[in-house]
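The listed protein sequences correspond, in order, to chains P and B.
Residue numbers 348 to 660, in this note's numbering, belong to the letters of the first sequence in order.
Residue numbers 239 to 562, in this note's numbering, belong to the letters of the second sequence in order.
The set of hints was computed from the structure by calculation and includes no laboratory data.
Treat the hints loosely; a few may be bogus.
Below 27 Å or equal to it, Euclidean Cα-Cα: the simulated DSS-like pairs (lysine-lysine) are [as the list claims (entries may be wrong)]: (1) P:Lys653 x P:Lys427; (2) P:Lys607 x B:Lys380; (3) P:Lys653 x P:Lys434; (4) B:Lys486 x P:Lys479; (5) P:Lys414 x P:Lys427; (6) P:Lys414 x P:Lys653; (7) B:Lys373 x P:Lys571; (8) P:Lys369 x P:Lys653; (9) P:Lys427 x P:Lys607; (10) P:Lys427 x B:Lys380; (11) B:Lys423 x B:Lys408; (12) P:Lys414 x P:Lys436; (13) B:Lys373 x P:Lys479; (14) P:Lys571 x P:Lys471; (15) B:Lys425 x B:Lys408; (16) B:Lys470 x P:Lys471; (17) P:Lys414 x P:Lys369; (18) B:Lys486 x B:Lys470; (19) B:Lys392 x B:Lys425; (20) B:Lys392 x B:Lys470; (21) P:Lys607 x B:Lys373; (22) B:Lys392 x B:Lys408; (23) P:Lys471 x B:Lys373; (24) P:Lys414 x P:Lys434; (25) P:Lys436 x P:Lys653; (26) P:Lys471 x B:Lys425; (27) B:Lys486 x P:Lys471; (28) B:Lys392 x B:Lys423.
What you are looking at is a predicted structure, and each value in this text was computed from that prediction instead of being measured.
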Amino acid sequence: MDAIGVLMLCPMNNYLEQELDKRFNLFRYWTQPNQTEFLAQHADSIRAVVGNSTAGASADLIDALPKLEIVSNFSVGLDKIDLTRCKEKGVRVTNTPDVLTDDVADLAIGLMLAVLRRICQCDKYVRSGAWKLGDFRLTTKFSGKRVGIIGLGRIGLAVAERAEAFDCPVSYYSRSKKADTNYTYYGSVAELASNSDVLVVACALTPETTHVVNREVLDALGPKGVLINIGRGPHVDEAELVSALVEGRLGGAGLDVFEKEPQVPEELFGLENVVLLPHVASGTEETRIAMADLVLGNLEAHFSSKALLTPVV
Amino acid sequence: MGSGAEQLPEIIVLGPPAVFEIYDEQFSSRFRILRPWESEEPLPHFLASRAHTTLAALCSGGYPLSAAVLANLPSLRLVVTTSAGLDHIDLTECRRRGIAVAYAGNFFSADVADLAVGLLVDVLRKMTAGNRFVKNGLWPHKPHFPLGFKLGGKRVGIVGLGSIGLEVAKRLEAFGCAISYHSRKEKPFVSYTSYPDIHELASNCDVLVLCCSLTEQTHQMVNREVMLALGKDGVIVNISRGAVIDEKELVSCLLQGEIAGAGLDVFEHEPRPSPELYQLDNVVLSPHTAVLTEESMEGLYQLICGNLDAFFTDKPLLSQVPDE
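Isolated chain P, as found in the complex (with noise of 0.2 Å):
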């Protein structure tokens, strides 16, 4: 198969680049030092592009590609992919559900327990070697919180199994009620935000779910809620956040994700009920080795006329 362009559109994993390196002719898109150009000389090669959470198959990429037949995306997230454009030119595309959905989970759980036990912030203070015995500062309960999720999917549910551990009564927030589920429905994020002490966003992103986190769900979820986001950046209005976490409207937040990664609200920096991390839900070593070999599996899969392993499209 090394005959086989293959379109890598940013650095992601070193395996997978290795991989595909040896099992196709890879050409890494962010070494070009003229992109127009790389394309003119070498667009009618390329029958794969391999995209993530960062870099994705636009609808101008996908048409500089005639020879576009897979988007095998290094995520589960679909939302730097243009759908409707590939869907039109019979581009099939795939993801990477289910292998990364408990490290997801775990980390929201991880964040939750970081914000109301304030865990940076206590190993900031020991650090400093400013520990006093009978210094203390009391910080908050997480056992049996009200948990709220956005999006009751995969990751959503996980989330949710997970905040039964800790007895947190769980409701949720869903397009459509879902049937098999014992949790308590909110028919608006609103609705949801208002009765929950904590509000995790773990739904995909689409128009539909742009700032679905905005003023109106922050000012409900208010002075002591908590908002964790593992989903994207624009599901929340950041310049909202950010004003009501500075000026304490909001309990605390923790966020793997923001509207222009890698840059993030500088007025967040200082605040001790913030934890941030730097998109790292997936980011464990056997997880990214198991979302590469999905990534390399479908496009095996599609180049052999074989199923595909998690078709999107």
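Based on the hints, put chain B in the right spot on chain P.
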């Protein structure tokens, strides 16, 4: 103070514990309080002159209630400690003197278990390190933060399957961890695998979570041998007592890469953890705060008052330490 205060039951407070500092006013409206820390007298003098007839003491978890101190409290019939741990109290002497001891029992177990899980997720997934990375403005310059390790499928060994250990197990099961344990007594009603000694537990686990009480047997139980058995990918979480681990050896093992990381809420000499720990990215450090939540302190206040009220009205204590 008005004459009303003279009729309130008298207690001596030793510490003072955090819950007392938070609820001082409330305690003072229900009890007449002796406050040795506010006096310039050395403790034995204070006790001899002021606490001769005091029947009840409220003490913090760190306060060494030794036979010597007890000797200066000749009328004492009750000790209420604000902790779940009892290693600071000379229980033998209390038994000999017929002094009842009440403690926090299982009250804090959820909060302590929550912190144990939080520390473990933090070490494996590098949350505190990641937070530092972003807040130091490093992300735009260094796009790839190091990968962490998956929690699911990890073999977790719980040392001490009491109330806290069971709560830790219940939580970590939901993360897909495989639970086993080593405890003084095997628990017949749990489905977890039991190992007869900590070395065997460590050899068969990826993570050790220390949830046992501090006793002569558990003192420095986690030594170099145990850490080597745990292995280079191993992680230790300690929410029990610092002295359960040989801290010098822990530091060596971390520096030499003999274990992969540690989440620690307790240390051998608080408030002075081994300073080498401050340089390490693969440890998460916490200043013995596992029980210090608003909810726990509020509940603890109620529990302490309940125990003291019961004592002063000759009713059974709410949370008496069981006889072993």
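Those earlier numbered hints the structure runs against, lowest number first: Violated: hint 26 alone.
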